[in-house]
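For chain A, the structure is supplied; the task is to place chain B on it using the hints.
This is what each chain is made of:
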Amino acid sequence: MLNDQELIDGLRRELADVQPPIDLIDRLREHSGEPLPVPGRRLRVPVGFFAAAGSAAVAIAITVGALVFVGHRTPTRNSGPDVSPITHGTGATTLTQLTSSFAVLRRPETPADRALRFKCSHPCPVELVPGLTRLARTLPDGTRVFLSVLRARTAERTALGNTIRVPAGSYMLDELVVSAGEKAILSPGSLAQIPVVDGGIEPGMPSTRLTSGRAPLWVGVVPDGVSSVRWGFSCIHGRKTAACPPPATITATVTALDNVAAAPVSATRHGSLGVTSASWFDAARRSIASFSTANRQTTMRFIPGGLVLHSRLTFNGDGLGPITFGASPAQIARRLYPILGRPGGTYHSTLDACGVDHSLTWPILLNPSTGQLERGEELTVFFHRDQFVGYQYGGNAFHPHSDRLQVRAITGAGLAIGDTLATGQRLYRHAFHVSTAQGGTWQASTPHGKLTGYASGTSTTADVGPSSRVASIDAGDVGCPVSSP
Amino acid sequence: MISASPGLLRSAYLLTGDRAVAEDLLQSALLRTLRRWDSISGPPGAYAFAAVVNLSRDRYRARRRRPAMAPQHHALEQRAVDQLDRLVERDAITQAARSLPDIQRQVLACRFLLDLTVAETANALGLPEGTVKSYTARALARMRELLSADPAAESDSSEVQSVE
Numbered sequence: 018m019l020n021d022q023e024l025i026d027g028l029r030r031e032l033a034d035v036q037p038p039i040d041l042i043d044r045l046r047e048h049s050g051e052p053l054p055v056p057g058r059r060l061r062v063p064v065g066f067f068a069a070a071g072s073a074a075v076a077i078a079i080t081v082g083a084l085v086f087v088g089h090r091t092p093t094r095n096s097g098p099d100v101s102p103i104t105h106g107t108g109a110t111t112l113t114q115l116t117s118s119f120a121v122l123r124r125p126e127t128p129a130d131r132a133l134r135f136k137c138s139h140p141c142p143v144e145l146v147p148g149l150t151r152l153a154r155t156l157p158d159g160t161r162v163f164l165s166v167l168r169a170r171t172a173e174r175t176a177l178g179n180t181i182r183v184p185a186g187s188y189m190l191d192e193l194v195v196s197a198g199e200k201a202i203l204s205p206g207s208l209a210q211i212p213v214v215d216g217g218i219e220p221g222m223p224s225t226r227l228t229s230g231r232a233p234l235w236v237g238v239v240p241d242g243v244s245s246v247r248w249g250f251s252c253i254h255g256r257k258t259a260a261c262p263p264p265a266t267i268t269a270t271v272t273a274l275d276n277v278a279a280a281p282v283s284a285t286r287h288g289s290l291g292v293t294s295a296s297w298f299d300a301a302r303r304s305i306a307s308f309s310t311a312n313r314q315t316t317m318r319f320i321p322g323g324l325v326l327h328s329r330l331t332f333n334g335d336g337l338g339p340i341t342f343g344a345s346p347a348q349i350a351r352r353l354y355p356i357l358g359r360p361g362g363t364y365h366s367t368l369d370a371c372g373v374d375h376s377l378t379w380p381i382l383l384n385p386s387t388g389q390l391e392r393g394e395e396l397t398v399f400f401h402r403d404q405f406v407g408y409q410y411g412g413n414a415f416h417p418h419s420d421r422l423q424v425r426a427i428t429g430a431g432l433a434i435g436d437t438l439a440t441g442q443r444l445y446r447h448a449f450h451v452s453t454a455q456g457g458t459w460q461a462s463t464p465h466g467k468l469t470g471y472a473s474g475t476s477t478t479a480d481v482g483p484s485s486r487v488a489s490i491d492a493g494d495v496g497c498p499v500s501s502p
Numbered sequence: 407m408i409s410a411s412p413g414l415l416r417s418a419y420l421l422t423g424d425r426a427v428a429e430d431l432l433q434s435a436l437l438r439t440l441r442r443w444d445s446i447s448g449p450p451g452a453y454a455f456a457a458v459v460n461l462s463r464d465r466y467r468a469r470r471r472r473p474a475m476a477p478q479h480h481a482l483e484q485r486a487v488d489q490l491d492r493l494v495e496r497d498a499i500t501q502a503a504r505s506l507p508d509i510q511r512q513v514l515a516c517r518f519l520l521d522l523t524v525a526e527t528a529n530a531l532g533l534p535e536g537t538v539k540s541y542t543a544r545a546l547a548r549m550r551e552l553l554s555a556d557p558a559a560e561s562d563s564s565e566v567q568s569v570e
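Which chain is which? The protein sequence lines are A and B, in order.
Just so you know, the first sequence maps onto residues 18 to 502 in our numbering.
Just so you know, the second sequence maps onto residues 407 to 570 in our numbering.
Next comes chain A alone, as it looks inside the complex (with noise of 0.2 Å):
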């Protein structure tokens, strides 16, 4: 016979394995616009429920409020690549945040990816993701920058002296600089992996890599949409000395790419200097981010969401967002690049019909409801003659809850994939159309041309209707599909 100790003790046992969804903050991010499920109820709670209130529920206010409030903004139109990655704040990071931050991670693993060796003594702390390792740059001098994405085993860890607190469970991204010639060996706790996005020692800023004989090496790691960082030197402690002469304060500005700022700096060559600042500048060199070390934290995390609803791609009928029609392909690379990242193919040639003979392609891999990587939507853009005709976004695949990629992609009317035919009345009323061709598709035709796509749901031609939905977007000339329904 259990005594009342034993069989309460028994319960939580039982139910130690009930654990919320890691992503559970970041759904209810993304339903916190949404009714709620019965409108205008109220909820039946006790009065004399209001009664105590402690510094306990101070904190998780704190807490809290920065994730809602901070976390919170409302996606402005047509305002180009925008973001706003970062808060400071307790939460576990979780596998979804990263990839839907950092394009680096979403396109597809190569072998130069697979030259990092992971090694941890055990007990070891963290464990490598496999398949999310990527050599982001090689620099002109053959230093390789891989990114890992790492998860963290138990709830705090140490890394260069500093106990830093990570959420069991939670991800983190790291770097690891390797010199030429060297093995790319990631091992935690080492000199080179320093937590640069969870858990980050110094928010923002940039890693150091000191060279013999030369300028030693500064890293920075970048969420998407930032194209350029300006790091500012101070001297150490802010003592001019010797070893510190004047200019005692210096800035440099690196361009970001693949997620990567990395740029040697020779100012700091005698270790006196250390990075005291870090600014975060989009591609029109608007100020996204800014971070000191006078306010460094001990833990960050990514605002959930915060770039889904930032990194904004608009289909227009004469282009994609500010690209139009008949740009060359370099052009066409540069714009996007912020937004999506490296394409995931060269410029290839594809069959020279319907007005198009070569093409690039941005996958997008990441399965917005599981938040792994496979193979999902993509984003295919059209040339002829090396101009820029056309492009379609949906590929083969359809998510109902597209609005979770990483980028929110919707026509300048604001029709997104998933959404209903009946939305696409609502926005374009009679300049929306909707066909039984080819299985169902739809066309819109705005001021700028016409954007035409797919429609899902549509086995049988008796299934198109209002409650069908958008399964791909294009406009231009695409090859030979969707153009005449």
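Simulated from the structure, these hints should not be mistaken for laboratory data.
Accuracy of the hints is not assured; some may be wrong.
[Claimed, not checked] Straight-line distance between alpha carbons at most 25 Å, and here's what the computed DMTMM-like set of lysine to aspartate or glutamate pairs gives:
1) B/539 / A/275
2) A/467 / A/494
3) B/539 / A/23
4) B/539 / A/21
5) B/539 / A/26
6) A/467 / A/275
Chain B only, in chain A's frame:
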């Protein structure tokens, strides 16, 4: 609030007996709590628990108005049951708790899954403190009876004792 989520989820599971439904209830309850954040003066965890209780009641009423779901194919169902046998055996105490009246389950959840005090439980559920104590005692006694009557649970309980 994040730290209270596991306890809230377990409470929701205890009330509904369905993990997926419990997660849905938790999400809705936290959402309600966050939206009312400015007006909450008591422990947010207790507020969220009250929301879980209310939502589970709403769900129960809604289910009564809906037709039952179509049964699964027998073979598939049987296979699933076979695979779950071991889990069910390990789940004896939870099952015993699940058989208690709603109010007693709510008291157990508040007291032992959310670690609320008797006073906080009384406030959260709108009960006198004495009633909370008596419900707790009755619930534990009833669970003990159920487990004693169940041979499978008896073997499980001996395991519990040996572990302890």
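Hint-by-hint comparison with the structure:
Note on residue 539 of chain B and residue 275 of chain A: the hinted pairing is violated, with a Cα-Cα distance of about 61 Å set against a maximum of 25 Å. Taking the CA atoms of residue 467 of chain A and residue 494 of chain A, the gap is about 11 Å. The hint holds against a cut of 25 Å. Only pairs whose Cα atoms come within 25 Å are accepted, and residue 539 of chain B paired with residue 23 of chain A is accepted, the gap being roughly 18 Å. Distance restraint check for residue 539 of chain B and residue 21 of chain A: the Cα-Cα separation of roughly 13 Å lies within the 25 Å cut-off, and the hinted pair is therefore satisfied.
Straight-line distance between C-alpha atoms of residue 539 of chain B and residue 26 of chain A comes to about 18 Å, which keeps the hinted pair within the 25 Å bound. Distance restraint check for residue 467 of chain A and residue 275 of chain A: the Cα-Cα separation of roughly 33 Å exceeds the 25 Å cut-off, and the hinted pair is therefore not satisfied.
Of the numbered hints given earlier, the model fails hints 1 and 6; all others are met.
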